[in-house]
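Asker: Given these sequences and hints, build the entire structure.
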Amino acid sequence: MIDVLIDKLIIDSNGYAAIDITDTITDWLRKNKAKRGFVTINAPEKGCIVTLIEYESNLLSDLEEFLARHGEQKKIVLEGLFGKSVVLPVIDGTIDAGVFKRIVFIDISEEEGPKEVLVGFEGVHD
Amino acid sequence: MVLKVYMTSFEIKTYGPMKYFRLRKIIEEELRLTGLTKGLVTIHVKGATPGLLIFDEEYVQVFDSFLKKLIPVIGYRHGNAYEHLRSSIMSTTHTLFFDSKGLRLPPSYEVFLVETRPVHNHKRVLHVIIRGI
Numbered sequence: 453m454i455d456v457l458i459d460k461l462i463i464d465s466n467g468y469a470a471i472d473i474t475d476t477i478t479d480w481l482r483k484n485k486a487k488r489g490f491v492t493i494n495a496p497e498k499g500c501i502v503t504l505i506e507y508e509s510n511l512l513s514d515l516e517e518f519l520a521r522h523g524e525q526k527k528i529v530l531e532g533l534f535g536k537s538v539v540l541p542v543i544d545g546t547i548d549a550g551v552f553k554r555i556v557f558i559d560i561s562e563e564e565g566p567k568e569v570l571v572g573f574e575g576v577h578d
Numbered sequence: 005m006v007l008k009v010y011m012t013s014f015e016i017k018t019y020g021p022m023k024y025f026r027l028r029k030i031i032e033e034e035l036r037l038t039g040l041t042k043g044l045v046t047i048h049v050k051g052a053t054p055g056l057l058i059f060d061e062e063y064v065q066v067f068d069s070f071l072k073k074l075i076p077v078i079g080y081r082h083g084n085a086y087e088h089l090r091s092s093i094m095s096t097t098h099t100l101f102f103d104s105k106g107l108r109l110p111p112s113y114e115v116f117l118v119e120t121r122p123v124h125n126h127k128r129v130l131h132v133i134i135r136g137i
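These protein sequence lines map, in sequence, to chains A and B. Numbering-wise (the numbering used here), the first sequence opens with residue 453 and increments by one. Numbering-wise (the numbering used here), the second sequence opens with residue 5 and increments by one.
If you are wondering where the hints come from, they were derived from the structure by calculation, not from laboratory data. Each residue gets a CB set at the ideal place from its N, CA and C atoms; glycine is no exception. Careful: at least some of the hints might be erroneous.
[Claimed, not checked] List time: in silico BS3-like cross-link candidates among lysine-lysine, alpha-carbon distance up to 27 angstroms:
id, chain 1, residue 1, chain 2, residue 2
1, B, K8, A, K483
2, A, K460, B, K50
3, A, K485, A, K460
4, B, K50, B, K17
5, A, K487, A, K536
6, A, K536, B, K73
[Said to hold, decoys possible] Label pairs and their computed distance ranges (CB to CB):
id, chain 1, residue 1, chain 2, residue 2, range
7, A, V456, B, D68, 33 to 43 angstroms
8, B, K127, A, R488, 14 to 24 angstroms
9, A, L533, B, F14, 22 to 32 angstroms
[Stated by the list, open to error] According to the in silico footprint, chain A covers these stretches of chain B (three or more CB under 8 angstroms from chain A):
id, segment
10, 41-55
11, 72-86
Answerer: Here you go:
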């Protein structure tokens with residue numbers, strides 16, 4: 453039977469970070485026995501982004517430079533460029549996104565503290 | 005009315021860099037096969053470098069020029085950073101509405117799979133999740 457599960461996760465952030473949350477989302481899917489459907493991940497707070505990108509130190513440095521270069525006047529532009537949500541397929545309980553693609557939470561708010569990430573699964577679970 | 009959900013996957017052979025492959029007809033055929041008359045369709049392409057672009061076909065080259073200017077090929081630590089950054093900005097997942105006529109998009113709009121990599125005969129896997137009534 454199709455079901456919808458919605459939850460709120462808390463990410464500790466120093467206000468300027470790129471955090472790989474793929475394993476957190478995978479664990480959440482496992483805990484909820486999600487089998488087949490799709491998962492939506494959203495960063496509702498100001499200055500926070502959820503994007504899909506390889507999580508590799510040199511690439512993160514490149515991303516940081518890109519964000520700095522294009523966000524120097526209006527950081528809010530970056531939320532428009534990268535978006536605040538991603539949707540991924542869940543097949544046999546795992547996210548089928550490819551080898552290198554990771555779910556990355558980016559915080560450019562410069563406000564330290566816990567940040568909300570909303571997770572929604574639509575599909576079939578045990 | 006009962007909500008129905010379908011998931012299907014297919015492959016597209018691509019070449020690149022920065023080539024645009026039309027998906028609209030393929031997606032609309034998948035929608036037709038479901039028999040659903042309205043709902044939502046989420047399209048996802050696997051991998052960390054491709055892009056999905058919903059855009060007016062007439063102006064694709066305008067978008068292409070803009071993206072290449074925004075994210076040039078050289079000047080990074082990570083060798084193919086430009087592919088990843090272009091992919092992240094275009095996104096690899098989009099959700100659209102549909103009705104009995106097909107996707108709720110203007111006739112001139114396409115759903116493009118964008119191959120950012122300099123590859124030949126490359127296999128890209130796409131997932132399409134359709135739900136509606």
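Asker: Now, for every hint given, state plainly whether the structure supports it.
Answerer: Results of checking the hints against the structure:
Using a Cα cut-off of 27 angstroms, the hinted pair K8 of chain B and K483 of chain A holds, with the two alpha carbons roughly 25 angstroms apart. The straight-line distance between the Cα atoms of K460 of chain A and K50 of chain B is roughly 26 angstroms, inside the 27 angstroms bound, and the hint therefore holds. Distance hint between K485 of chain A and K460 of chain A is fulfilled; the C-alpha atoms sit about 17 angstroms from each other, no more than 27 angstroms. Our distance criterion of 27 angstroms between C-alpha atoms is met by K50 of chain B and K17 of chain B, whose separation comes to about 13 angstroms.
At roughly 25 angstroms between alpha-carbon atoms, K487 of chain A and K536 of chain A fall within 27 angstroms of each other, so this suggested pair holds. With a C-alpha separation of about 24 angstroms, the suggested pair K536 of chain A and K73 of chain B falls inside the 27 angstroms cut-off, and the hint holds. Look at V456 of chain A against D68 of chain B: about 38 angstroms separates their beta carbons, and that is inside 33 to 43 angstroms. At about 23 angstroms, the beta-carbon gap between K127 of chain B and R488 of chain A stays in the expected band of 14 to 24 angstroms.
Distance hint check for L533 of chain A and F14 of chain B: the Cβ-Cβ separation is about 29 angstroms, which falls inside the suggested range of 22 to 32 angstroms. Check result for the segment 41-55 of chain B against chain A: holds, 5 residues qualifying (beta carbon to beta carbon below 8 angstroms, three or more required). Only residues whose C-beta sits within less than 8 angstroms of a C-beta in chain A count toward coverage, and the segment 72-86 of chain B has 6 of them, enough to reach three; the restraint holds.
In summary, the structure agrees with every hint in the numbered list given earlier.
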